[in-house]
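**Student:** Next come the chains, spelled out residue by residue.
4 protein chains.
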Amino acid sequence: MTNTQVTLVQIDNYGPWTVTPEPRREADLQTMQSRLYADISQFVGNRGGYTFFTRFDNMIAVTNGLTMDDHATLQESIGNRYPVTLSLGVATGTSPVQALADATERLQNAGSAQDETRRECLEGRTIDDDYRTADDVQIAHFDVVNVTGNYTDQLNAFDTFIEIEQGYAELMRHMRYAHDSLSFFVGGDNVIVVCPDLEKPDYEEAIAHVDEAVDVQLQVGVGRGESAHDAGYAAKHALETCRADGTRVELED
Amino acid sequence: MTNTQVTLVQIDNYGPWTVTPEPRREADLQTMQSRLYADISQFVGNRGGYTFFTRFDNMIAVTNGLTMDDHATLQESIGNRYPVTLSLGVATGTSPVQALADATERLQNAGSAQDETRRECLEGRTIDDDYRTADDVQIAHFDVVNVTGNYTDQLNAFDTFIEIEQGYAELMRHMRYAHDSLSFFVGGDNVIVVCPDLEKPDYEEAIAHVDEAVDVQLQVGVGRGESAHDAGYAAKHALETCRADGTRVELED
Amino acid sequence: MTNTQVTLVQIDNYGPWTVTPEPRREADLQTMQSRLYADISQFVGNRGGYTFFTRFDNMIAVTNGLTMDDHATLQESIGNRYPVTLSLGVATGTSPVQALADATERLQNAGSAQDETRRECLEGRTIDDDYRTADDVQIAHFDVVNVTGNYTDQLNAFDTFIEIEQGYAELMRHMRYAHDSLSFFVGGDNVIVVCPDLEKPDYEEAIAHVDEAVDVQLQVGVGRGESAHDAGYAAKHALETCRADGTRVELED
Amino acid sequence: MTNTQVTLVQIDNYGPWTVTPEPRREADLQTMQSRLYADISQFVGNRGGYTFFTRFDNMIAVTNGLTMDDHATLQESIGNRYPVTLSLGVATGTSPVQALADATERLQNAGSAQDETRRECLEGRTIDDDYRTADDVQIAHFDVVNVTGNYTDQLNAFDTFIEIEQGYAELMRHMRYAHDSLSFFVGGDNVIVVCPDLEKPDYEEAIAHVDEAVDVQLQVGVGRGESAHDAGYAAKHALETCRADGTRVELED
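Residue numbers (the UniProt record's numbering), protein chains in the order written: chain A, 1 to 253; chain B, 1 to 253; chain C, 1 to 253; chain D, 1 to 253.
Hint data in this document are derived by calculation from the structure and do not stem from the laboratory.
Note that the structure is predicted; figures quoted are calculated from it, not measured.
No residue lacks a Cβ here, since even glycine has one placed at the ideal position from N, Cα and C.
Heads up, none of these hints are tricks.
Partial list, computed: chain C residues near chain B (C-beta under 8 Å):
(1) Arg25
(2) Asp28
(3) Thr31
Using the sequences plus the hints, can you model the full thing?
**Tutor:** In structure tokens, the structure reads:
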């Protein structure tokens, strides 16, 4: 049984900030956002978690292993080094979608994302160390079969990107509504999915669905672990097996 | 008449590097990728260009105003500071899609993205200063009407993200095939589109198409300029007018 | 009784790398070094430690609270994201100078700093959680009395810097040979000193010595704690008392 | 005849900011400072300039080749991405010390470094392109003879650092008062000196002086150029000749 700890990271009042007093230079916003994400990814990542950039102004992290104190340190550190601040909502559950819904609700209850008086909220609770298990997190790591040979070296860079995007858009929607899972594009042709307890046929079904809907061929490695890193690392190894053996779904035990 | 200068930025042999000798820690890859992007965005951006993260291993930039020497300095600087290197293909043209196709072809001719002997290619040519004009770049800046009130403060963070993604996926495909334009998600609910010479009815048609296809309501500001920054800054101002006046398409002259 | 845990961070074979195959662009080296330092400072700092940039190719950290596993994660993370790698030597003791000497010796025994086969060494041991106490670390935070009024707003920027440097050079030498302490310039007019069990008269003596030797007037706040952050934070508060009350030495209990 | 363009970079009202409302986490300050420096170093560096971290709250740059517009872009970009802002003073002259004094005076005239109403000043003027020559900048790059064999692999890391610091402190003072030059420690055992028109005997004298005063043996490569990068790159090559041939002073023509 999975027990995913999900953190919603929201930049406080970001939209208004980007245009006050005048619209800010786009390249500066892009730089600031991606560095902010990188810093959060490092902080969470070297404690065993995964952070996804998502919309950049709203990021989603799997934070099994991080305490509320860790979250507070992250919040303080970003506040000391950036021109913006973060609010954090944390929740846990067997369904990643439900956990994220709970985390979101905690922040929404504290105020609007564009309420200028809502700053540096820290809401929710984490899993006590005593209750953590080796099955808490299930991660599936998808990529596109032979993307370099079939796309990157054949199509122009944008058309390749369109193909990958269509595959991702279809997969994210399907995994969310059919399998209660959260899917995130992580660069290249890679999509990482945070799942509840799914089995091999679920993944086979998802791959078949995407193939049929948008004609993109995916393969997937799946791992379980106490943390996102443990589960995700097992998933990466399983995906290497797909690549080596030409299989489409591999679960690392 | 637009004359967009497009640069394809490709990390050399990146896929194999990420799994050699063992798969690398995902959080480190995410951090490295987003900082690499941030550095390129700064370099290009403080010379008036725009860089889009796209797939991260393949980034696309609008580089009007940058010389081949500037590109070489960027390439050298990244090579000195990162564990990976970049290849750059540059091309220009009235159609952003065609310019990107040419830039892509120049790199493909130099070797596969996963050819380990193809490193730090720099191919193509830029627009001479004497030929640059105030109409060279057309940028459209789209966002979702009242995204905070309609989505962020209502749905869970992932379902909001799905809605934005569907709008983006539909817009990117439509703008590419109907209008020869390159669309990029840039965070929040913002999509920046690099366009050829389009007119107000083209944008109205695109907004209507997305509304009908996936029920996402967009608004757009459009600007022209000698560089991506000039055009994009005008587009941001035009979008502010949409927000203030409740209009859906504004062109800044 | 203090028990300082000191880590020597050494970039492997850095000197030769900076000139191979040709000397690398100085601005790139400066950027890379300072970002590498910043990353280590964040990693160590958000676990309660302090890192000092020192020579940049050799950095010194106070790491009470970090395990050997933490050190290994840092080493792996830097290796994944930079073109250089780190070796780490760790040691503990009542004298910070002796602890650093032991940490240094462990790395020297593993090979020369410019031995190209010595890469990513991790040597030494940390303090078990059970043996950590609230007196393990003593930090003194010095600055120059009224530096803005007396120097920054009066002299040219370099002459101010010379004055601060002379004060620092004298303090570092005196604290090392008279008080077994490690002193680090941390920007502005601030020097942070890692001390064994010193008392108020020791600090008064040091301030008088620097005043007499190079005519620079210092004040100091001193704190104790389980970690560098705890001790250093108390020291900062004590220094605020100096600034408010015009005293020269304050110890926070 | 040299004509050095010097920029003083001052963080506005930094000291008070670091302790308001409470002292900020030291590791965050260190991280923020060093990244701010890194960003400035990149911006200036990829336009041919050199930036020195100096005190971090006051940095000194050699900016031949940068226009006032470039300075304004830097200032805007930092203001968009950091919690602090910069004031910049620019001046030029045959003596680097005098140029820095003029740049400093321009900022001092605009207000105190701790005046909270003085923000984002940009004062001074740059050298017109038509007046730039290949002799404008003279850079000397010093290091310690066989530092790894004599120090790093022999002494503990702090005692090595003390030796290097004493050499640096003596050199900086001597070069400033005897030779109107600005000396900056840049990591490892490297000191970069921005000089007026000096000749070989001047450098021989300086090396002999430091040897006699503090028993540290230095070698130096000297270069001239239109920009700091050109001059500094020639100096690095000249220093490689010292290392290869065992000479102590080399000038690259």
